[in-house]
Amino acid sequence: ETGVTQSPTHLIKTRGQQVTLRCSSQSGHNTVSWYQQALGQGPQFIFQYYREEENGRGNFPPRFSGLQFPNYSSELNVNALELDDSALYLCASSYTGELGEQFFGPGTRLTVL
Amino acid sequence: AQSVTQPDIHITVSEGASLELRCNYSYGATPYLFWYVQSPGQGLQLLLKYFSGDTLVQGIKGFEAEFKRSQSSFNLRKPSVHWSDAAEYFCAASADRGSTLGRLYFGRGTQLTVWP
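First to last, the sequence lines map onto chains R and D.
Residue numbers are given in this note's numbering: position 106 of the first sequence equals residue 106, and the series is strictly consecutive.
Residue numbers are given in this note's numbering: position 6 of the second sequence equals residue 1006, and the series is strictly consecutive.
Hints were generated in silico from the structure; no laboratory data involved.
Hints may contain errors.
[What the hints assert, rightly or not] In silico contact screen, one side only, chain R against chain D (beta carbon under 10 Å); selected entries:
| # | residue |
| --- | --- |
| 1 | Ala80 |
| 2 | Glu101 |
| 3 | Phe104 |
[Unchecked claim] Partial list, computed: chain R residues near chain D (C-beta under 10 Å):
| # | residue |
| --- | --- |
| 4 | Ser7 |
| 5 | Pro8 |
| 6 | Lys13 |
| 7 | His29 |
| 8 | Tyr50 |
| 9 | Pro62 |
| 10 | Asn71 |
| 11 | Ser73 |
| 12 | Asn77 |
| 13 | Asn79 |
Cβ coordinates follow ideal geometry from the N, Cα and C atoms, glycine included.
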């Protein structure tokens, strides 16, 4: 059974640029959630995707957007990057039949200069 | 609003000593509760979860947690800590119904250092 994978591992961007992060969900999982973990903080919920549609969103601006594909993999897009967007971005997959139990990938470390 | 509080930012224990990490939650109803562990450069690994029923739950790596409704707490315990337990520990909660179902709300984490 393949776990949750994310790419790239690390990324450096400059302020104002756009970035796309990718996530492959665990086999059999149909829901993907994205979290932002700033240094020294706990992860914060960005949004969740189920059946290729956004299914709940946290307190993040519209420049954070996402996609889910038919194979349940997902992308997180961030436009107009700001310095405060520097963080570890975590993807978690789950199955709707097992509410709340999410399996996390290793994360993508984004640095905005 | 839902929130999870971990009062201790950093805890240091000696190897072989017992451990208790504190977690308090603020929710409208009893949430689903979780403890995750994060090692450097790694994602979050689920240690244990509480949905309902027995208030003492057993997890992996010898960890257990006790849900206390009267105290809105879900503290993590281990009777004897190993050096490999050094990591950051996160308590998280999720609503059991409603529009925020499936979202995890995390505490800010407790960094555990283990002395040899």
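These are the hints, each one checked on the structure:
1. Annotation: Ala80/R was flagged as interfacial toward chain D, and the flag is violated, the nearest CB pair being 25 Å apart, outside 10 Å.
2. Proximity of Glu101/R to chain D holds as hinted, the smallest CB-CB distance being about 6 Å (cut-off 10 Å).
3. Below 10 Å, beta-carbon pairs count as interface contacts, and Phe104/R has one with chain D at about 4 Å; its hint therefore holds.
4. Hint status for Ser7/R relative to chain D: violated, with the closest Cβ pair at about 13 Å, above 10 Å.
5. Checking Pro8/R against chain D: minimum C-beta separation of about 14 Å lies over 10 Å; hint violated.
6. Restraint check, Lys13/R versus chain D: the minimum CB separation of about 20 Å is more than 10 Å; hint violated.
7. Hint on His29/R is violated. Least Cβ distance to chain D is approximately 12 Å, over the 10 Å limit.
8. The interface hint given for Tyr50/R is met, as the beta carbon of that residue sits about 8 Å from the closest beta carbon of chain D, less than 10 Å.
9. Checking Pro62/R against chain D: minimum C-beta separation of about 18 Å lies over 10 Å; hint violated.
10. The closest approach between the C-beta of Asn71/R and any C-beta of chain D is roughly 20 Å, which is over the 10 Å cut-off, so the hint fails.
11. Taken as an interface hint, Ser73/R does not check out: its beta carbon lies about 16 Å from the nearest beta carbon of chain D, beyond 10 Å.
12. Residue-level restraint check for Asn77/R is violated (minimum Cβ-Cβ distance to chain D is 20 Å; threshold 10 Å).
13. Interface hint status for Asn79/R: violated, as the beta-carbon distance to the closest one in chain D is roughly 23 Å, over 10 Å.
When held up to the earlier numbered hints, the structure conflicts with 1, 4, 5, 6, 7, 9, 10, 11, 12, 13 and fits the remainder.
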